[in-house]
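**Student:** Chain by chain, the residues run as shown.
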Amino acid sequence: MSDSPVMTQGALEAAEHAHPPYQRHHFETVDQQADATNFAMWVFLLTEVMFFGGLFTAYLILRNWYYPAFVAASHQLSIFWGTTNTGVLITSSFTMAMGVWCAETRRKSGLVLALVATFVLGLVFLGIKGIEYHEKWEKHHVPGFHYSLQSFINPSSDPVAQEYGDKALPMDMARKTELYFFLYFAMTGMHALHMIIGIAILAFMIVRARAGAYTSGHVTFVENFGLYWHFVDIIWIFLFPLLYLISRHQ
Amino acid sequence: MSSATIVNLPDQSTARIPKMNYLSKENGLLSWLLTGDHKRIAILYLISISFFFFIGGALAGLIRLELLTPQSDLLATDTYNKVFSMHGIIMIFFFLVPSVPATLGNFLIPLMIGAKDLALPKINLLSWYLYVGAGILAIYAMITGGVDTGWTFTTPLSTHYVNTNVITTGIAIFIAGFSSIFTGLNFIVTIHKMRCPGMTWFRMPLFVWGHYATSILMVLGTPVLAIALVLVILERTVGIGVFDPAKGGDPLLFQHLFWFYSHPAVYIMILPGMAVISEVISTFSRKRVFGYTAVAFSSVAIAVFGFFVWAHHMFIMGISNYSVLIFSLLTMLVAVPSAIKIFNWAFTLYKGSITFETPMLYAFGFMGLFTIGGMTGIFLGTSGTDIHLTETYFIVAHFHFVMVGGMLMAFLAGLHFWWPKMTGRMYPEKISQLAALVTFIGFNLTFFPQFILGTLGMPRRYASYPPEFQVLNVFSTAGATILGVGYLLPVLYLTWSLKYGEIAGDNPWQATGLEWQMQSPPLTENFREIPIMDHEAYDYEWLERQKEKEVASVG
Numbered sequence: 001m002s003d004s005p006v007m008t009q010g011a012l013e014a015a016e017h018a019h020p021p022y023q024r025h026h027f028e029t030v031d032q033q034a035d036a037t038n039f040a041m042w043v044f045l046l047t048e049v050m051f052f053g054g055l056f057t058a059y060l061i062l063r064n065w066y067y068p069a070f071v072a073a074s075h076q077l078s079i080f081w082g083t084t085n086t087g088v089l090i091t092s093s094f095t096m097a098m099g100v101w102c103a104e105t106r107r108k109s110g111l112v113l114a115l116v117a118t119f120v121l122g123l124v125f126l127g128i129k130g131i132e133y134h135e136k137w138e139k140h141h142v143p144g145f146h147y148s149l150q151s152f153i154n155p156s157s158d159p160v161a162q163e164y165g166d167k168a169l170p171m172d173m174a175r176k177t178e179l180y181f182f183l184y185f186a187m188t189g190m191h192a193l194h195m196i197i198g199i200a201i202l203a204f205m206i207v208r209a210r211a212g213a214y215t216s217g218h219v220t221f222v223e224n225f226g227l228y229w230h231f232v233d234i235i236w237i238f239l240f241p242l243l244y245l246i247s248r249h250q
Numbered sequence: 251m252s253s254a255t256i257v258n259l260p261d262q263s264t265a266r267i268p269k270m271n272y273l274s275k276e277n278g279l280l281s282w283l284l285t286g287d288h289k290r291i292a293i294l295y296l297i298s299i300s301f302f303f304f305i306g307g308a309l310a311g312l313i314r315l316e317l318l319t320p321q322s323d324l325l326a327t328d329t330y331n332k333v334f335s336m337h338g339i340i341m342i343f344f345f346l347v348p349s350v351p352a353t354l355g356n357f358l359i360p361l362m363i364g365a366k367d368l369a370l371p372k373i374n375l376l377s378w379y380l381y382v383g384a385g386i387l388a389i390y391a392m393i394t395g396g397v398d399t400g401w402t403f404t405t406p407l408s409t410h411y412v413n414t415n416v417i418t419t420g421i422a423i424f425i426a427g428f429s430s431i432f433t434g435l436n437f438i439v440t441i442h443k444m445r446c447p448g449m450t451w452f453r454m455p456l457f458v459w460g461h462y463a464t465s466i467l468m469v470l471g472t473p474v475l476a477i478a479l480v481l482v483i484l485e486r487t488v489g490i491g492v493f494d495p496a497k498g499g500d501p502l503l504f505q506h507l508f509w510f511y512s513h514p515a516v517y518i519m520i521l522p523g524m525a526v527i528s529e530v531i532s533t534f535s536r537k538r539v540f541g542y543t544a545v546a547f548s549s550v551a552i553a554v555f556g557f558f559v560w561a562h563h564m565f566i567m568g569i570s571n572y573s574v575l576i577f578s579l580l581t582m583l584v585a586v587p588s589a590i591k592i593f594n595w596a597f598t599l600y601k602g603s604i605t606f607e608t609p610m611l612y613a614f615g616f617m618g619l620f621t622i623g624g625m626t627g628i629f630l631g632t633s634g635t636d637i638h639l640t641e642t643y644f645i646v647a648h649f650h651f652v653m654v655g656g657m658l659m660a661f662l663a664g665l666h667f668w669w670p671k672m673t674g675r676m677y678p679e680k681i682s683q684l685a686a687l688v689t690f691i692g693f694n695l696t697f698f699p700q701f702i703l704g705t706l707g708m709p710r711r712y713a714s715y716p717p718e719f720q721v722l723n724v725f726s727t728a729g730a731t732i733l734g735v736g737y738l739l740p741v742l743y744l745t746w747s748l749k750y751g752e753i754a755g756d757n758p759w760q761a762t763g764l765e766w767q768m769q770s771p772p773l774t775e776n777f778r779e780i781p782i783m784d785h786e787a788y789d790y791e792w793l794e795r796q797k798e799k800e801v802a803s804v805g
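Protein sequences appear in the order of chains A and B. Going by this note's numbering, the residue at position 211 of the first sequence is 211; the numbering climbs one at a time, nothing skipped. Plus 250 on top of the position in the second sequence (first one is 1) and you've got this note's numbering.
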């Protein structure tokens with residue numbers, strides 16, 4: 001750009017300026033790099049919100065239409081496991097936040113510990129989710145394959161339905177419970193898929209953190225992953241009341 | 251054509267392409283396939299979208315040939331359904347959506363705002379790989395039986411009544427969607443965080459504003475299409491029932507989710523075109539774009555309003571009368587920012603020193619055809635006339651006036667305009683002016699008769715039609731042939747120009763953007779030192795002063 005008419009910043013100054021190895025060539029400063037990648041993560045999470053938004057919309061519309069069916073079906077979810085899982089997930093968000101703090105303050109062993117704890121808690125969450133899915137399978141509440149309407153047209157045959165004092169639903173309304181379970185599996189399944197991706201990245205990060213990758217001042221990756229993890233957590237914070245709690249007193 | 255020209259080329263006997271540039275820096279296939287350079291990725295995109303454009307174009311040719319006669323004789327009716335479906339899918343998801351943003355936008359945004367690259371070069375490359383993967387999957391779906399739902403995947407047709415490659419095509423579009431999300435995300439971050447010192451929001455070229463608005467649509471709209479397609483795929487595989495009335499679901503819900511993306515998607519397709527036109531109009535009339543701020547905000551307004559008009563695609567599908575009323579009103583509103591742009595471009599031309607190089611010819615084509623396309627959109631947004639006109643050739647003509655007459659003209663305008671910057675060489679002027687003219691004539695002959703066909707009541711998406719419609723259909727097919735020639739010509743002479751074109755020099759158009767103040771083709775790192783922006787966009791007096799300074803310092 002020798003004949004450039006645009007004014008340029010002091011070239012000498014730029015040449016003398018030493019860059020840390022993790023600064024990509026096209027960024028002027030480390031701050032700019034961290035700022036940009038951070039912002040990019042937020043924008044990506046925005047697309048995730050829109051992605052889940054489609055499912056939430058479908059759920060809310062259908063819940064309004066088939067209210068009795070969605071109430072009765074919601075009673076079949078286990079509040080105990082759901083609450084436990086919520087606790088597990090919030091704790092994992094805490095350990096993740098601790099991880100970010102450790103990376104920022106350059107505590108290598110603390111970071112590894114925090115990441116391992118997050119990793120384990122993530123697996124615990126999936127394990128509990130597995131127990132819940134298994135319960136549904138045993139009660140023939142997995143839609144599509146061998147779905148049974150027994151709990152809804154004949155509540156006296158089902159202890160959970162009895163406990164809530166559910167009335168028998170007419171046949172056409174009872175059939176809409178399958179829709180609830182479809183949405184339950186689609187939404188929690190999509191959430192679990194995000195968890196699995198997160199856990200895979202965590203495994204990668206644990207290996208890298210042990211080699212000291214994130215404790216030398218370059219914490220962007222840990223920070224951004226933290227954002228992702230908290231986001232997945234927040235999705236659950238919305239799923240839990242909408243699927244489990246909302247019909248508790250109906 | 252007028253003999254006046256602003257083209258200012260260096261002395262051809264001494265001029266050379268700079269030895270160091272982004273094309274010559276590294277050689278070999280791997281240096282391209284693993285590149286992080288936004289300019290090289292733009293070239294990769296340019297080659298791939300041209301490939302898909304010609305596949306989509308060939309399918310369009312088949313459609314027009316079939317419609318030459320009233321009977322369905324060239325193609326069987328179900329083959330015809332597949333041909334028009336694949337034409338729509340390829341043209342929309344694999345050509346129009348990435349056309350300007352992924353090629354010109356990718357190439358130019360960092361240059362225009364004074365950055366060395368997009369913020370996330372690896373994500374940029376990933377987006378190209380996703381695009382190519384999705385494209386291969388779509389072509390695989392096409393050659394192993396195709397898909398015949400139309401590009402709209404309307405339920406319950408796509409979930410219950412057809413047994414073609416809906417799942418494969420759906421996955422292909424899902425992946426292509428992520429490619430587009432990553433492009434949009436990269437642009438937003440780059441425009442926010444990578445502007446050079448002095449490059450305030452209101453000093454950015456309008457090209458960048460247009461792409462910013464496009465990126466918002468890409469980032470917020472595309473995930474909704476993704477989830478809609480996931481639900482269609484789940485319906486076909488496990489029968490999830492959300493769109494199935496037999497299970498209590500609602501097919502209209504699919505329409506809402508689909509159009510929540512696909513209406514903004516038409517703005518994803520047109521806004522980058524408008525972005526190109528602002529640059530071209532200003533350069534070839536030697537004036538600052540009239541009402542810069544209004545044009546900049548109209549892009550954002552289109553992006554915002556664009557999200558609230560989707561149900562105008564559903565007027566005849568049984569939504570409530572109040573919805574029809576409100577969405578009809580909002581549809582009228584979204585026409586306002588588009589009109590602001592057209593009027594401001596017209597005022598930019600007023601008393602400008604206009605010259606008629608190829609990009610300007612295409613830009614004029616855009617202004618005329620887009621205006622007709624937009625105005626006929628008002629017919630369709632009015633609920634009463636929509637009931638008669640929707641699902642006829644009127645809507646086909648309307649859409650093609652906006653997308654082909656608008657966007658494709660703008661794409662070609664931009665491609666010619668920045669060709670010297672991308673390759674360092676000029677395209678041959680005379681033949682390209684001819685191509686622009688041929689395209690314009692061919693286009694009007696193809697699509698104008700379709701407005702008449704639509705008002706006469708010829709429905710779209712049928713392989714056969716009553717014989718009284720034949721004359722107009724013959725016109726349309728003849729026009730399509732001319733249009734085909736118009737599109738083939740640039741491929742030939744642009745390829746020719748890569749080796750034999752005149753050396754363009756830094757700034758053949760005497761344009762003001764930062765991208766014109768550097769060598770052509772640019773260096774890999776764009777700027778040796780980050781520039782400081784010390785003037786407004788489109789400041790031609792600044793350019794004159796710079797030239798005087800240069801003369802003085804050389805003298």
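It should be emphasised that the hints constitute simulated quantities derived from the structure, not laboratory data. Note that the Cβ used here is the ideal one computed from N, Cα and C, for glycine as well. Among the hints, a few may not be true.
[As the list claims (entries may be wrong)] DSS-like mimics (lysine-lysine), calculated; alpha carbons at most 27 Å apart, straight line: (1) Lys497(B) <-> Lys136(A); (2) Lys108(A) <-> Lys136(A); (3) Lys372(B) <-> Lys443(B); (4) Lys497(B) <-> Lys139(A); (5) Lys601(B) <-> Lys269(B); (6) Lys797(B) <-> Lys537(B); (7) Lys749(B) <-> Lys269(B); (8) Lys167(A) <-> Lys497(B).
[What the hints assert, rightly or not] Pulled from the structure, derived: some chain A residues nowhere near chain B, Cβ distances all over 12 Å: (9) Thr57; (10) Ile131; (11) Lys176; (12) Glu178; (13) Asp233.
**Student:** Could you tell me which of the numbered hints above are not met by this structure, giving the numbers in increasing order?
**Tutor:** 2, 5, 9, 11 and 12
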